[in-house]
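Protein sequence lines correspond, in order, to chains A and B.
The opening position of the first sequence corresponds to residue 1 in our numbering, with each subsequent residue numbered one higher.
The opening position of the second sequence corresponds to residue 125 in our numbering, with each subsequent residue numbered one higher.
No lab work stands behind these hints, which were simulated from the structure alone.
By construction, the Cβ of each residue, glycine as well, lies at the ideal position given by its N, Cα and C atoms.
A portion of the hints provided could be inaccurate.
Pairs of lysine-lysine, DSBU-like flavour, derived with a Cα cap of 30 Å [claimed, not checked]: (1) A:LYS7 / A:LYS27; (2) B:LYS190 / A:LYS23; (3) A:LYS70 / A:LYS114; (4) A:LYS42 / A:LYS23; (5) A:LYS70 / A:LYS117; (6) B:LYS194 / A:LYS23; (7) A:LYS117 / A:LYS42; (8) B:LYS190 / A:LYS27.
Covered stretches of chain A, as calculated for chain B (at least 3 residues, CB under 8 Å) [claimed, not checked]: (9) 21-35; (10) 91-97; (11) 105-118.
From the structure, some residues in chain A lie toward chain B, with a derived Cβ separation under 8 Å [to be verified]: (12) ASP52; (13) GLU84; (14) PHE87.
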Amino acid sequence: MAVPLLKQGDHLIISLQPGLTDKDWLKLGDDLVEGVGKFRSKGAIIDITALDLIDSFAARTLRSIAYACKLRGTETVVVGIQPEVAFAMVQLGLTLGSIMTALDLEEGLALLKKQAKEKGTRGR
Amino acid sequence: MEDEIKIGIKSDEDVLNARQQGRALAAQLGFSSVDLTLISTAISEIARNIVSYARQGEMVFRPDRKNSRKGIVVIACDQGPGIPDINVAMQDGYSTSGSLGIGLPGARRLMDDFEIVSEAGKGTCVTMKKWVR
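Chain A extracted, bound-state conformation (with noise of 0.2 Å):
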């Protein structure tokens, strides 16, 4: 299952659907990476408003994805995180690390333009 990637300005956005195979998390994250470098986005949001379960594959295939845009400049932000899978995560015993995480897109958009306003204050 391809999943496609969004360009909304300075940001990229992926937002995943149900029935990811562990393949199609594999791929996605390999797109998502290299689509930051090759898009320049200051910003990536990965959104699983659609997803009915976060398992432990699926948790560390997000920090990985999140670490490895980290490593390439990129801050990303998992937005849409349902409430029963909050329940089952937290229940399971997963965290996702130092991840950001917003209620939804909006938000998540919303905290990638803070950090950057930030991070421009910042380095004058």
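Add chain B to chain A, keeping to what the hints say.
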């Protein structure tokens, strides 16, 4: 009572299929949407263990009843290498495959009942249950 569902597990596609079918049966039994997510997450972890450690195995889902409560039984068996020390494998963060090491202890937390039987060289069987609240 609904029939039992048997699913062969040998690839990541089968893991996906198992959690979808398990969720569908649990939905028929009347579990809440939070419980459906807990059950399918536990199924995903246990099914993935089969693929990672034993390469192939089988999962069975069937309805159960305790007094007046409905429940779901999930059984996952394989003829893989087995787990040498179950107490160690049930600890959070222990993994021999580079994974997060929360599959077994995590699945136990997600379900109401959890039982694991394993013999080195013979295989592993996990039986877990959850009851409708």
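Of all the hints given earlier, name the ones this structure violates by number, lowest first.
2, 6, 8 and 11
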